[in-house]
Amino acid sequence: MDERSVFEYKIGLLAPSRVGKSTLIASLLTEGQQQLAQDSSVHLLTADRPTKNRLGATYNLVSGALKARMFEPGVVPSTSDPSWFRLLLEARGQDLQIRFDMLDYPGAWLEGAGEGTEDEQKWNECEAFLADSSVLIVPIDSVLLMDSGDENAHLLASHLSVFQINQAVLRWAKNRRELSGEPAMIVFCPVKCETYLSDSGSLQDHAGALRDKVVDQFSDVLKTVRDAAPHAAVRYLPIDTFGCVELVSARWIRAQGSPGGKMLMPKYRVRPPGRIVRKGLDDLLTLLCRQLIDTARAQSERATASRQTAALHSRSYAELREGFFRDLWLNFNGERDRRRHAAASDERLFAMSQQTTQSLFDVLTALAGRESGPRLHHLS
Amino acid sequence: MHVYLRTRGAPRKLDYAFLGAAPGSRWWDTYSELTATERPCLLAVTSKDRWRVLISGVPSARTDSVGTLVYYTLVLDGSPCPSGTTGTGQDRATVLALASRWLDDITRHPEGRGVLSELLDSLCSSAEVDRLLAARNSELTAERAELTTRLATALASLSPVPSAQDTGGPSPVLLAERWIAGRTAPGADAAFLARLSSLLSGEDGQAHLLNLVSSAEDITTLPEKSGPLAVLIEGGMVGDSAMPAEALPGLTSEVVTSAPKARWRAAVVPTVLTALILLLVGLALIAGNWT
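Respectively, the protein sequence lines represent chains B and S. Using numbering that gives the first Met the number 0, count along the first sequence one by one with no gaps and you end on 379. Using numbering that gives the first Met the number 0, count along the second sequence one by one with no gaps and you end on 290.
Worth flagging that the hints you see were computed from the coordinates, not collected in a lab. Since the structure is predicted, the reported quantities are computational estimates derived from the model, not experimental observations. Glycine included, C-beta positions come from ideal geometry on N, C-alpha and C. It cannot be assumed that every hint is accurate.
Stated by the list, open to error - Among chain S residues calculated to face chain B with C-beta under 8 angstroms, some are:
1. T29
2. E37
3. V65
4. T72
5. D103
6. T106
7. R143
8. E145
9. T147
10. S213
11. D217
To be verified - Listed below are several chain S residues computed to face chain B (Cβ distance under 7 angstroms; list not exhaustive):
12. D14
13. R25
14. W26
15. S240
16. A241
17. P243
18. E245
19. G249
20. L277
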């Protein structure tokens, strides 16, 4: 933390290929800016031009396809090389910023990036980023969970990459345990949920079944978090990727290289009038804001405590009486003034730190006032 | 010249990977802030007698498991003047033809579908791509090698796009050592190919077609390398593909050494140091004589 109170955190996404990591990142950040614009406590900015340009490109791609009535759920191409998104969460009227980085990467690397290759080295960097993240988001393909059919239920765990996700979560949880003074959170986010939840226009409500299936399939991952990082908050939040599409059919076809030699091919249709209305993103954004600000507050409180100790020590040292002749000498050679100057500087830093902590607390209080939607659940 | 081809298969597990051997380094990661390999782009760098070219975002007709169109990435590298070989002239012609076809494909179709897409799709069926990607790198080596040979032959058969008859003549800025321009700015593509030709002949420098860049301000994060620089703005999703050409400032290090004060220092400092060393040696000799 520097004197301008910039806090930096990482948010990791953990999912295999084609689940929708890139779309989730882009929609979270672009729509997050719009949603937070109505909020009086914080606002979201891109931290650099590459992030701004990358988000602009994805936004233009999706909205352009929609306006041309050529919209398809898979409109965002899959990722072949890692890329970073850097965002700033600014508290309105306060001189403090929270920067958070998100990493997008080829999902198949989760299952092995080719032993001894350059891709493997790059994946090691991505793994380190994920393990070091304050918040871990696990996007899950809800169509795979809900429409795979009983006869293919045995293939689900490998299609969802549950084992690989569990390994990555274990590393993250161990890291978080070592930093048990810091808040930690993992969010299970089924995506492409438009067809299963009635609040997004679907005629059927399978909210309970979807949640049960997530808990069932990811029970080992949940256990890993509970065992390795019991202090971590575990949340469940289904998200509509586009809001205006729904599943028409999902059928398994033969596919070499896929678990069980099969893959699920979903077909969607656009619901008129074809306007994107994503549900669940606002809750995810509020969760992230609260978590990051809470983490920053905890960090700021620690910094305040250590600066208070330093300020008290400096002041008592500056005013220490060391005998008549020694005190005369300290006044004469300017040492006393130097000590008082250092003490004043430490006290100023302490006051700034106190102010930062108070500001973060105020923002957190304001965010706590935002009501969570009915989709958000605690998983324990 | 080495040629590498990357694409993905239909099943979700068969993510983007090289069908044959992979390049020795992921050198294009350096440019990840400036271009997305998912969309049409071209990177070309020559440094230390080695050129490297990446062409990415070439759309295929194939789709993946969620219906998204798949794309190709081509990576090529070679040496301008390798000792004992005679094939470099052909390599240069092949890469130039490839680059001119790619620029033409992007101009004709916003997504870049064209000659190059058809050529790459004709090399390898969807089933063959899935089979190669599903196998371990150490398996199917003969088939991978055969595909690479077919790829190299197909690329060598490409003919360059005939240059358009320019009515006006290119902007003088495009003759500068470092410039940025929209892809469709008058004369920009020809100047870009001319710069690429120099790079392939062994001149150190860079020539890029970038898709996450909208102005000169965006390329401040471009890795500083000696030699000329040509940047084309792709303009499909970010930036204006018709942006007029703009000269770019020289490298920071070059600016410093070309400043009068720096030049003066560069000349005086070694002279003073040499004089000091000579003086010390002289003093040591004199002291030796006295004792």
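Against the structure, the hints come out as follows:
1. T29: With Cβ-Cβ at 11 angstroms, over 8 angstroms, it is violated.
2. E37: With a minimum Cβ separation of about 4 angstroms from chain B (threshold 8 angstroms), the hint on E37(S) holds.
3. V65: 4 angstroms, holds
4. T72: OK, holds: T72(S) within 8 angstroms of chain B, min 6 angstroms.
5. D103: 22 angstroms, violated
6. T106: 19 angstroms, violated
7. R143: 13 angstroms, violated
8. E145: This hint is violated: E145(S) lies away from chain B, its Cβ roughly 19 angstroms from the closest one there, beyond 8 angstroms.
9. T147: 17 angstroms, violated
10. S213: Status holds, d = 7 angstroms.
11. D217: 5 angstroms, holds
12. D14: 3 angstroms, holds
13. R25: 5 angstroms, holds
14. W26: Hint violated; W26(S) Cβ to chain B Cβ min 9 angstroms, cut 7 angstroms.
15. S240: 13 angstroms, violated
16. A241: With Cβ-Cβ at 17 angstroms, over 7 angstroms, it is violated.
17. P243: 20 angstroms, violated
18. E245: Violated - the Cβ of E245(S) stays beyond 7 angstroms from chain B, reaching only about 17 angstroms at its closest.
19. G249: 21 angstroms, violated
20. L277: Where the cut-off is 7 angstroms and the nearest Cβ of chain B is about 46 angstroms from L277(S), the hint is violated.
Violation of the numbered hints given earlier is confined to hints 1, 5, 6, 7, 8, 9, 14, 15, 16, 17, 18, 19, 20; the remaining hints are satisfied by the structure.
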